[in-house]
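Trainee: Listed below, chain by chain, are the residues.
There are 2 protein chains.
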Amino acid sequence: MSDNLTDFTFLQGVKIIDFTQFEAGPSCTESLAWLGADVVKVENPKLGDPGRRLRPDQPDIDPYYFHILNANKKSVTVNLKSPKGLELAKDLIRQADVMIENFAPGAIERLGLSYDDVKAVNPGIIYAQVKGFGEGSPFEKNLAFDMIAQACGGTFSVTGDKDGPPTRPGISLGDTGTGMVLAITILGALYKRRETGEGHQLQVAMQDAILHYMRIPFSTQGLTGKAAERGGSKVPGIVNAPMGLYPCAPGGPNDYVYVMTSRANPDHWDRLLTLIGREDLIGDERYLTPADRVAREPEVDEIIAAWTRGRSKYDAMKVVGESGIPAGAVLDTDELNSDVTFEERGVMQTMVHPVHRPFKMPAWPVRVDGKATRLTASPMLGEHTEEVISDWLGLNNAAIATLKRDGAVG
Amino acid sequence: MSDNLTDFTFLQGVKIIDFTQFEAGPSCTESLAWLGADVVKVENPKLGDPGRRLRPDQPDIDPYYFHILNANKKSVTVNLKSPKGLELAKDLIRQADVMIENFAPGAIERLGLSYDDVKAVNPGIIYAQVKGFGEGSPFEKNLAFDMIAQACGGTFSVTGDKDGPPTRPGISLGDTGTGMVLAITILGALYKRRETGEGHQLQVAMQDAILHYMRIPFSTQGLTGKAAERGGSKVPGIVNAPMGLYPCAPGGPNDYVYVMTSRANPDHWDRLLTLIGREDLIGDERYLTPADRVAREPEVDEIIAAWTRGRSKYDAMKVVGESGIPAGAVLDTDELNSDVTFEERGVMQTMVHPVHRPFKMPAWPVRVDGKATRLTASPMLGEHTEEVISDWLGLNNAAIATLKRDGAVG
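For the record, the sequence lines run as chains A and B. With the numbering used here, letter number 80 in the first sequence gets 80, and the count goes up by one each step, no holes. With the numbering used here, letter number 252 in the second sequence gets 252, and the count goes up by one each step, no holes.
FYI, nobody ran anything at the bench for these hints, they're computed from the structure. Keep in mind that the hints are not guaranteed to be accurate.
Treat identical chains as interchangeable: a pair holds within one or across any two.
[To be verified] Here are the computed lysine-lysine pairs in the BS3-like style, where the Cα-Cα straight-line distance is at most 25 Å:
1. K141 x K226
2. K226 x K360
3. K226 x K404
4. K141 x K318
5. K46 x K226
6. K119 x K371
7. K141 x K81
All of these numbers come straight from a predicted model, not from anything done at the bench.
With the sequences and hints as input, model every part of the structure.
Mentor: Structure representation (structure tokens):
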């Protein structure tokens, strides 16, 4: 397995000072860490990033949320509310290529680390911010969490049964989806900066980022002039059948297979009928064209389901897929966790942590020259305070001890 | 409005040769185009990228899908199956910094443009590929479309009602989500290449990319040891109430507001009761702690819904939000399309196209120094053939006419 791992060095030497918390910001900086950047989380000495979910004097019962978003980073604890702590933060900022934050609206300014404040000490810095809602939005002062950004960004409106209520997509796209578009822009700015040395202020709002992922529903709206609809497991706007989820044996909550015949390939329907032993229906006028099959979609779906119910989702995926018709089993986190091929290619890796039990988690999914980048443990709170202050600022032990005594660092 | 637009130049001068189609690849290269790269789509002269949905001798009835994924790019038509066309493609590749493709498994090799073929003419190129399933996966030979990658990557398993079937998230995360992680890695490779000149082969599988967006469900599985579950509009694993969607007036399919009280902030519940005129329930032992409220969640939800039903989702979002409790209206594409504040900050822009009617669409969501990057129309098929061959290769009109006569270009 370890043959498939390496340490990506694309961003070697790039210093990121990371004031982010929870998921939207940390997912962004973690992707940069996986590419080799030196990502230093600045955390408050008491409980750190609230994504750690530490509670005073109680054991950490929920570390995985933090692990999964903060691998390959360092942690420095700085008391930003003390003048010496703020001064130290500015000293670190002076050395950094990128600063990023996702505090609630107004908080970074109240700390004294607005873009103007930061630019004054480091004019070439790339200063990146995540907001919930964009400046100028009617909601610009509102707090946003993933669910709020997704509701207001449209994903709920296109998820769920056709006749049912809007539904939350089970992934935190408002957070990680935002982190990804911000990482892309930071990297663009870094690329140019190698030439110009110029700094910039980057801002993304979670609601705005969601629109980027909603582009297909917007293209549907372009065609119909109406709000894009929900379609359950179907895709509204694709007029073809059969398409969707079909129940499989033994009937557990995720025992389904997605089957998708193509409108552009009329042969798919005949091939599927042959596969399921219903050659008698080949050429049947009731089901001849995509339009005919859509008109009788419940009947068509039952023809397929009568066959899939007798098979496991893996078998159904295999034989339908082998016949050249796109098919996919619905896999849950437990099934995905058990598939060793993800580990074999380094896409899943186990975090070996000094305190918590080993934890298998998704690592960076893109492989370079056949290898994945190696996962290292997320930092303990303040684990790298002395190391980073020494490396970035050249302070010696005595100077660091003074900072500690003064309450500037944790 | 135009004051809020500029042309991002972060990737000015970076040449991308783009053999991608549909969404996963085009979403990646479009993000690079928005940052200022010179993205040249190489398309077959007959019908081009199948995402154009062109049909022989018929009008283009479905252009928006293509528009939305191919803004700010150029189109060159090359017949890759003719020896002279392939030679021309290699001449273009020799000039490029990045090449990217997302054909079906084996297709790029059959065309004669495998990584080895391409490296032979341009050793410093960054060669990026999107696969459906990773090499070594039991499904590595299967076709994958967005729905298949999402089913097999886990998103269906965590979306939908607790007791209902798995449900498709209404966004094409298997495509655009994959495009984003690949763009990040390409940019990392480009950054390093400024120093080393080194090329690399980058590969991402859509199923693997989905795991990256599934990290929160994987962290839940880490805690419970069981497959992450569906929760309708609730978030399984967050033990608190009230949280979720509440119906609003006038009762349309998207007339709901998401309200999320925090377990960490017991004051939220009392504040909400005051807001909805149910001070009588403050201190009521039935609803005192988060655990109490979860045990009586249907009752708690009805207390909130009795109030939200009398209000529009906008009003409910406004007053709940102003009381400091996170709240978000469920907005659909039509409502988002009508909100002019997206245009005011350049996050939505109108594509003015030479053939199709003007189309308002989401543009790149990250703003730099307060400005968004300017949208330009997606290219007509082959629109830039002569321009690019002249610019990249220095060929004159006579040479280009010969290429056309020989059937190498469209």
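Trainee: Give the relationship of K141 and K81 under a CA distance limit of 25 Å: within one copy only, between copies only, both, or neither.
Mentor: within (23 Å within a copy, 56 Å between copies)
Trainee: What label fits K226 with K360 when the C-alpha limit is 25 Å: within, between, both, or neither?
Mentor: Only across copies: K226 and K360 sit 13 Å apart there, 44 Å inside one copy, limit 25 Å.
Trainee: I want to check one pair: K226 and K404. Are their C-alpha atoms no more than 25 Å apart within a copy, between two copies, both, or neither?
Mentor: neither (61 Å within a copy, 43 Å between copies)
Trainee: One pair to classify: K141 and K226, alpha carbons no more than 25 Å apart. Within, between, both, or neither?
Mentor: neither (30 Å within a copy, 38 Å between copies)
Trainee: Which holds for K119 with K371 at a C-alpha limit of 25 Å: within a copy, between copies, both or neither?
Mentor: between (38 Å within a copy, 18 Å between copies)
Trainee: For K46 vs K226, is the C-alpha pair at or below 25 Å within one copy, between two copies, both, or neither?
Mentor: neither (51 Å within a copy, 32 Å between copies)
Trainee: I want to check one pair: K141 and K318. Are their C-alpha atoms no more than 25 Å apart within a copy, between two copies, both, or neither?
Mentor: Answer is between; shortest inter-copy Cα gap is 11 Å, intra-copy 51 Å.
When held up to the earlier numbered hints, the structure conflicts with 1, 3 and 5 and fits the remainder.
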